[in-house]
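Residue numbers (the numbering used here): 1 to 554.
Any given hint could be a false lead.
[To be verified] Below, simulated DSSO-like cross-link-like pairs (lysine-lysine); rule was C-alpha separation at most 27 Å, straight line: (1) Lys-61 x Lys-11; (2) Lys-15 x Lys-121; (3) Lys-300 x Lys-244; (4) Lys-61 x Lys-120; (5) Lys-121 x Lys-53; (6) Lys-120 x Lys-79; (7) Lys-221 x Lys-245; (8) Lys-244 x Lys-121; (9) Lys-120 x Lys-15; (10) Lys-61 x Lys-15; (11) Lys-268 x Lys-292; (12) Lys-457 x Lys-300; (13) Lys-292 x Lys-120; (14) Lys-245 x Lys-300; (15) Lys-268 x Lys-300; (16) Lys-268 x Lys-244; (17) Lys-121 x Lys-11.
[As the list claims (entries may be wrong)] Simulated restraints on C-beta separations: (18) Ala-338 x Arg-453: 49 to 59 Å; (19) Tyr-433 x Leu-296: 42 to 52 Å; (20) Glu-78 x Ile-514: 37 to 47 Å; (21) Val-19 x Gln-159: 43 to 53 Å; (22) Ile-240 x Arg-327: 54 to 64 Å.
These are calculated hints, taken from the structure and not from any lab test. Using N, Cα and C, we set each Cβ at its ideal position, and we do this for glycine too.
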Amino acid sequence: MRLALEKALVKAVRKAVDVGELPSVELPGFVVEVPRERGHGDFATNLAMLLSKQARMAPRKIAEALIQNLPHSTRWLEKVEVAGPGFINFILDPRWVLESVPLAVNRQADYGRVQQGENKKVQVEFVSANPTGLLHMGNARGAALGDSIASILAFAGWQVTREYYINDAGNQVENFALSVEARYFELLGLEGEVPEGGYHGQDIIDTARRYIEEHGDKLLKTDRRVRLETLAQYALAEKIGGIKKALADFNVPYDVWFSEQSLHDAGKVDEAIQHLRERDFLYEHEGALWFKATSLGLEKDEVLVRNNGLPTYFAADIAYHMDKFNRGFDRVINIWGADHHGHVARLKSAVQALGYDPDALQVLLMQLVRLFSGGEIVRMSKRTGQFITLEELIDEVGLDAARYFFIMRSADSHLDFDLDLARTQSNDNPVYYVQYAHARICSIFRQLAEQGRQVPKADSVDVELLREEAELALARRLADFPEEVALAARQLAPHRLTRYVHEVAGLLHSFYNIHRVITDDVALTDARLLLMEATKVVLCNALTLLGVRAPEKM
RNA sequence: GCGCCUGUAGCUCAGGGGAUAGAGCGCCGGCCUCCGGAGCCGGAAGCACAGGUUCGAUUCCUGUCAGGCGCACCA
């Protein structure tokens with residue numbers, strides 16, 4: 001509807017110019033929006049006010065001219081008026097909102113799909129936590145956000161790949177192995193010390209214990225290199241398995257698990273460095289190989305290969321992103337914790353240096369999570385081993401509440417996660433409010449089935465019997481769903497949909513409290529049943545995009 | 001010191017160049033002979049501060065103040 005009005009306005013401008021009621025003007029970036037005030041119509045536009053400077057005319061005069069030249073064919077348009085400083089308010093035939101009801105019912109799981117992505121390929125890489133420990137609250141936020149963004153993009157017409165980058169190479173793996181070894185020694189009654197920068201968590205002790213249970217103490221006598229390598233491989237495999245399970249339990253399905261080590265093994269890091277060398281972005285200094293980031297406007301250059309001959313994490317990341325683009329993605333989205341923001345500019349510069357479009361890489365920074373319990377901040381750190389794991393979180397508050405809480409807030413908002421609140425199984429919890437709306441509709445349908453009846457076919461229902469304010473308000477919001485999907489996709493903002501779905505649930509509850517669905521009036525009952533079915537479709541589709549279940553009963 | 005993010009209701013957060021700034025929780029007051037009261041209806045309460053751009057700024061720009069996070073031959 002909004003689109004139709006925008007098109008009509010564009011035509012109106014052209015025609016007004018043609019007939020000489022407006023001077024020739026360039027079309028500004030105007031908006032057609034839903035006014036806050038109901039008295040200001042169903043839609044309103046600021047177009048006339050934006051044109052006033054160019055046209056050197058009073059906004060209200062321009063508005064009049066535009067209204068005179070609106071195409072007569074505009075659907076549902078009942079009345080147009082000039083208001084305030086020059087707004088054009090559109091008043092529609094109230095029946096227009098009812099179109100959404102049969103549409104949603106007929107399209108079912110496809111209602112809300114839009115073609116924004118034009119089937120282009122996008123990769124969403126998220127979580128990618130080091131496989132040296134368990135997933136914590138920050139990772140969990142990334143998981144909820146990333147998965148939901150991926151789902152929304154897919155629904156908006158993109159071909160989406162969900163990917164996890166496993167940092168199974170480099171320095172931290174070394175420290176990891178040393179930490180496991182220390183615990184291995186301790187458990188076997190020997191002296192062991194977790195190194196500086198090592199991992200002190202209880203999970204490392206558990207890992208060492210499991211290794212001993214399976215393989216005994218035979219590593220005590222082997223060469224240290226072999227011992228460390230063996231322990232590292234064992235522990236990494238275990239951690240990666242744990243991470244995969246936790247994410248699967250969190251209802252986050254990945255398409256690709258990409259190993260950093262595989263880049264090294266395949267020579268892709270060297271290859272990337274070679275590319276940069278050919279393009280003259282490298283130089284040596286004090287035994288290290290440097291990337292000339294400053295030549296692309298950055299503050300300082302970056303080391304790619306240390307003077308000990310080992311490539312840095314940055315070098316591997318460059319190779320990784322080269323690989324991403326070589327795989328044919330039109331767009332690459334990384335979801336990172338805000339503590340990595342310093343890395344964004346240099347990675348983009350490297351992408352540019354390699355000859356790819358740096359704007360095809362989009363890094364979504366997610367502010368960190370502060371965990372509250374009993375009114376106290378719970379500090380999280382892998383080093384000290386103090387954190388709530390993703391698995392523990394799911395146990396504590398449940399899958400749906402956890403996922404909903406993480407995406408309720410925009411990514412760039414610091415998130416205070418109140419464990420006590422989230423685990424409360426009461427109406428304090430917004431996710432229940434929404435799920436309850438869905439369950440309520442299902443309950444009506446169960447009542448219906450007990451009477452041996454069912455929801456009617458969309459085409460056999462006269463939706464124009466829906467005339468009550470609560471009915472129209474609900475249908476109106478259902479009609480907005482495709483547009484809400486498009487906005488959430490464009491802004492990579494799942495939290496928009498949590499707001500939206502909460503509103504739809506509220507409208508359903510309001511309606512439910514005033515009116516009965518199943519009555520003696522068969523025609524009206526059918527119309528309301530169809531409205532319920534449409535609402536159920538929207539609730540279900542939106543919740544699915546958020547990674548939250550839509551239960552039939554609670 | 002430099003960079004990024006954030007200052008909106010008592011609390012947690014949406015919104016956003018326009019016509020009376022929203023939601024949840026909390027607080028106050030109402031609603032079940034009725035398809036699930038995990039619900040509904042009503043009330044009090046707010047754009048950190050100072051400049052600037054604009055017909056119009058809570059929104060954009062600059063500065064100040066406050067909080068968070070970065071600024072390694074770690075990842």
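Going through the numbered hints above, which ones does this structure break? Give me the numbers in ascending order.
Checked against the structure, the hints that fail are numbers 2, 3, 4, 5, 6, 7, 9, 12, 13, 14, 17, 20 and 22, while the rest are satisfied.
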